[in-house]
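Undergrad: Take the given structure of chain A and dock chain B to it, following the hints.
Chain by chain, the residues:
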Amino acid sequence: MDEKVLIDAARQGDVGSFNQLVLSYQSMVYNLAYRILGDGDAAADATQDAFLSAFQAIGKFRGGSFKAWLLRIVTNACHDQLRLKQRRPVTSLDALFVLDPAPIQSLTDPGESPEEYALRQELSKAIQVGIGTLPPEQRVALILSDVQGLSYQEIAEVTGVSLGTVKSRLSRARGKLRDFLLEQRELLPSQYRLKNE
Amino acid sequence: MFDRLIKSEHQRVEEMLSGYLDGELSPQEQAMVERHLARCSDCAQNLHTLRQTVAVLGQLPPVAVPRSFAIRPVPAARRPGLFQTRRAYVYLRGATALAAILLAVVLAGDAFFTGLAPYLTPAREVAAPAAVVMREVEVEKAVQGVEVEREVVVEATTEAPVVESEPVYAATPSAAPAEKKDELVLTRKPLPTPAAVGKGIEVAPAAAPPSTPEGEVLAEAPLRPEEERIEATAISTTLPADVITTAEPTSTPTAMPTAVVEVLPPAPLLQEPTVRAVVPPSRSALVLWRVVEASLLSLVLALATATLVAKRRRGAK
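Chains as they are written, first to last, in our numbering: chain A, 855 to 1051; chain B, 203 to 519.
The following block holds chain A by itself, in its conformation from the complex (with noise of 0.2 Å):
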């Protein structure tokens, strides 16, 4: 169905079209939630609060990137819950076995392997304590860009911000998480580690 068609009966207090948006970005949004907080638990606490807000907000949608608009809802919810249970970044390998181990479904390679499946599993895990070492806003930005393969410019859209500072932001992101990744080398299967040329 037209998603614009969807948008308009939901503007219209049509709950059962807006539950068909919610149906297409639930994955998305439920991603994007889960690799800001690190946990199963708050990144649904997270996405139910979006998709509410979102619906009572959804007479302000004055058309453009309907992605952009919902996901800045979702990283208002996710800033919320960080505020909320105060979420400090994880970065002892202890929390490795701490983190809630949010079940992966691998959506490209149904023929991967039970071996391949457990690397990527440890790569997941790996990945997120290098992501919970990042300040929020850098965290945003690395997930938006590089998980969800968000522009520039929809990046700039989402988290309200100038290109410039999207670009620093990024920027920073990327440093460090290669360079946790290179001090914590041992965490990624060995074809996952960074090498030098």
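Accuracy of the hints is not assured; some may be wrong.
Part of the chain A face toward chain B, derived, beta carbon under 8 Å [as the list claims (entries may be wrong)]: (1) I861; (2) Y888; (3) A898; (4) L906; (5) R1028; (6) L1031; (7) L1036; (8) Y1046.
Hints in this document: simulated from the structure, not taken from any laboratory. For every residue, glycine included, the Cβ atom is placed at its ideal position computed from N, Cα and C.
TA: Here is chain B on its own, set in the frame of chain A:
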């Protein structure tokens, strides 16, 4: 010197590597970076590891959605029902308490006055159908001599102490005539003490010669509190006159026997105001009283039930 102030090309390139990776640099910036990379192995290394990091991030497996996040329409907040608020419960509780207290007061009052019945009986028996009794006594003993008078006097005056001692019931006795007679001073007190009664007995014969025969007769008899009262007032011969002040304001002790006799005929009529005043609630008043009690009781029960309902429902909205 200027080297320290101006950011080195190396530093600037380092900051631009991320943009360079994404192709976000302007052509001039891009050219500068590529020139630098050719000569700087550190920056080349930096770029390499950065590129790997971005690649690893891109390979992160998506996390499965734990449940559906479809929103449910929030049911419109209903106005709480009649007995569902906490406030309703509090008010009902207070109203029940008030009604119960009121009922208790009414019942207590009823019991109180009912309990006084024995004390009121003589007067009631005498006063209520006082006219009839008076006439009967009069008829029965009309032919007799002094005893008639005496008995009548006794009967007539039994009311007096009651009247005097129950100001609630009594018609306000006018003070004027009474002040003329000393004997009345004693009997005017609400409940004349035995001492007062004794004094009355002693005083009376001296002050009221005609009453002497009665006084003597009465003094001989053993005195009980009620009888003392009665006799004390019997001695004060002017008392009946006082009771019927409207009729005989000027009657004197000397004229007592006659006064008493004269008093009799109009007594029933004249006694009526006091009769009414003395009589406890009449039949219609009793019925009304019962109706009030029954209504209050049902009100209390209804309020109590409503309170219990409200108590269960409060906060249930």
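Undergrad: Each of the hints needs a verdict: does it hold here or not?
TA: A quick look at each hint next to the structure:
no. : hint  : in the structure
1   : I861  : violated, 15 Å
2   : Y888  : holds, 5 Å
3   : A898  : holds, 6 Å
4   : L906  : holds, 6 Å
5   : R1028 : holds, 5 Å
6   : L1031 : holds, 5 Å
7   : L1036 : holds, 7 Å
8   : Y1046 : holds, 6 Å
Of the numbered hints listed earlier, the single one contradicted by the structure is hint 1.
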